[in-house]
Amino acid sequence: MQRLGPLALIFHALFVLFIMAPLLMVIAVSFTDKGYLSLPTDGLSLRWFYAIADNPDFIDAFWVSVWLAFLSATLATAIAVPASLAIARKRFWGRNTIAAFLLSPLMIPHLVLGVAFLQFYSKIGLGGSFAGLTAAHVILITPYALRLSLASATGLPRDAEDAAMTLGASRWVTFRRITLPLILPGVAGGWLLSFITSFDELTMSVFVASPATQTLPVRMYHHITQTIDPLIASVSTALIVLTFLVMLLLDRLYGLDKVFVGKG
Amino acid sequence: MSFLTLESLNKQFGDFTAVKGLDLSIEKGEFISLLGPSGCGKTTTLQMIAGLLTPTNGRILLDGKDISHTPPNKRGLGIVFQSYALFPHMTATENVAFGLEMRSVGKAERLERARAALKQVKLDQFADRYPKQMSGGQRQRVALARALVIEPPVLLLDEPLSNLDAKLREDMRMELRLLQQDIGVTTILVTHDQEEALSMSDRIVVMKEGQMEQLASPLELYEHPRNTFVSDFVGKTNLIRATAHANDAAGAHVLVDGEMITLPGHSLEEGRDLTISIRPEKFHMSDDASGHEVEVRAAIFLGSSWLYRVSSKMGDLFITQPNNGSAGYKKGQSAYVRWSQDAVTLFEEGK
Amino acid sequence: MSDQAHAGPGAKAAPYWMTGPGVIFFIALLGAPMMMTFLLSLHSYDFTLGIQDDWTLANYIEVLGDPYFHKIFGRTFGLALLVTVICVAIGAPEAYVLSRLSNPWKSVFLLVVLGPLLISVVVRTLGWALFFGGNGVLTMTAQALGFGEEPVSLMFTFTGMTIALVHVLVPFMVISIWAALQKIDPQSEDAALTLGASKFTTLRRITLPQAMPGILSGSIIVFALTASAFATPAIIGGRRMKVVATAAYDEYLSTLNWPLGATIAILLLVANIAIIVSYNQLVERRFAKVFE
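Residue numbers (numbering that gives the first Met the number 0), protein chains in the order written: chain A, 0 to 263; chain B, 0 to 350; chain C, 0 to 291.
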């Protein structure tokens, strides 16, 4: 292994700065004491954080997003776990096709999903409904949950289960005591990644959400296209802090690098 | 004058001393093994010779020139890495030709020499395969050809056989040794496998905790290990407690399980606790009631020989006896063992 | 697989029970909407009468023949190409640096580089909007350096979109290349050095080719995501710098010409899948023999 030269370290510093810059910018602006967009050069103020409380539509949108993400991540995991166990460990007719089908939303631009659901829901009378939004999110995030639990299920040592059965465990006990604990990190990581992917999703939701079911990113997007003010910066800062906490959890649970390898 | 010299070589990693004051002179064409358990500093030493690590103190001289601080790409030594470190995106030929290309050898000559090198390791039919398409043994040969084709003054082998299965490993030992003698290249082998070191080397350096324990030819090392560590690490042995009894012109008289044995050339303080070493194959085992009585605890048939574990007043012993076609001893049977006095190696340390 | 060994009655059906709920759900809620969108693109639209019941390729002919759409598609794919190239140029060295750091720095910076992927694209784009705006930092810096009093704005520019999209997507590039670098036997670099290669030659001839699968898979991810990106072009590019995704959005939600919007969406989908599939095949053919 060769050591890193000073040039490499300078590049690294610049790269990290580039990655952090817009986030730091958002955070800095959110602490301004002015009534308009500016850096807090004269003094820090929390006034724009208090201002969030006066804008209940952001808070409502936040709770819509939380419920939506929780529900759709749970449903996606419920679809993904049995499917991943079948795909990873059994040979059956149509196996590859089914796997490709369940992963296919990864290849479809969110915009395309958005317009497809917009038309579909308005035809069947689910337009703008929370149920429709949830179903759309389940489609979108199932591949993420599936991929992580698929990775765990593939790495599962088959003989550990065989060993449990020869020791007298029933199929159900084997699943509960051997299989489930072994795939649990992947399942939990998949749930959390699905949760946050759903929580962050904008492009598809913009088409599907109605004013009553606006998610936080949709609410923020509409706000930004109207006006960029310190309020949106303080909302964003709060979101950055929350995401950071989830990120630490995800890293603990599954390893952030493994979550993202090959994502797309 | 020696060809490759290590002069009080030291390597520190923080507080940890990996290699302590190693001195070694290697003659041209010699095959030297660095033998020791993991963490003994043998690989660190090899990497310092290769230039992949810089010594903390001391010098490395190659043909009289100090190369201690020469970067690895200017040393021109040939190395076979433990993982083989083949370039996965190049064919066997491209792998072998790489070193020649770095020496600005023309393309035609490069290919010709690479093919000749592959032929030398009997891989001429696999010249256009990628490493992924070859077996472990074939990859190992590519790595060897790649190291040899640049005609290095010294060939360094870092546990080159450890990733092969047992049968292949034995074949490769012989082949590697013959090839080395053929080419006459000075070679240093790092290994933790004593059989490998014994079978291939001209001389062996036994290392422990960064220091040299003994430097000797394989036979010398086996027959006259300097201390209990070497005797236990190189080959199997039985370490038996003994007591010094008296000295006279014939040597030291030592008491082992009630029998007096004489060790010529020694003079020992009376009553002192000692350890003697007797190799398992140096025992003679029979039914005649002479020598030390033992009881067979376990018998294992190894094909060419029997391995017994027996209990005796000297403690438990391992004994091997050649297979002469008879049934051998059974568990629970009694027998008598004897040994000749020159089978005994004495260590002036208590067990 | 030794399934048959402990297969009870009905075990053959088990995989279908296990995948069935997902497959049925996907057929109903993914297959049906996608099919309807495709069918919608085959209808014509009248500004007073709305969506017609006819079957026509007119929408496709319009999009494929209109210079206005040529420009938007051209801009989108040009943007995707540029963003991909920049991501390779800065992502590859960063991945290399990351792979050479030792813990704890490695974990810390991996978190710093990958973490933003979890933060909403809206938030990340907002950060750049704050930089780029007429009274943003860029203007202040320019004024402080004496480049004149005119506000410098990258809002609604191609450059602004490029910078913001590189920022949003470069973590994907870093992680793919990093994953490829993890698989390299570090001794293969030592081997090259001892064979006489300089550090630079080792990097170019040994490390880079082995990182190539990561560079290629990172490229396809970044390209596909840029080509279909919506939030960042919508916020930074706005109406003035339309890309395919924002153009389709406008057809749906402003002009209300759904069939035309559906046509654009279908074309985007087809282009996206065609690029991903052909690229994957190319990569597979190229590397199947070399890497596992």
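These aren't lab readings, by the way, just hints derived from the structure by calculation.
Keep in mind that the hints are not guaranteed to be accurate.
Stated by the list, open to error - Computed Cβ-Cβ distance ranges for the label pairs, DEER-style:
1) Leu281(C) - Asn9(B): 50 to 56 Å
2) Ala168(A) - Lys105(C): 20 to 26 Å
3) Ser304(B) - Asn102(C): 28 to 34 Å
4) Ser37(B) - Leu102(A): 41 to 47 Å
5) Asp127(B) - Arg175(A): 48 to 54 Å
Only a predicted model underlies this, so the values are computations on that prediction, with no experimental measurement involved.
Beta carbons: idealized from backbone N, C-alpha and C, even for Gly.
Each hint, compared with the structure:
1. Leu281(C) - Asn9(B): 50 to 56 Å: holds (53 Å)
2. Ala168(A) - Lys105(C): 20 to 26 Å: violated (40 Å)
3. Ser304(B) - Asn102(C): 28 to 34 Å: The hint (28 to 34 Å, Cβ to Cβ) is violated, given that Ser304(B) and Asn102(C) are roughly 50 Å apart.
4. Ser37(B) - Leu102(A): 41 to 47 Å: holds (44 Å)
5. Asp127(B) - Arg175(A): 48 to 54 Å: holds (52 Å)
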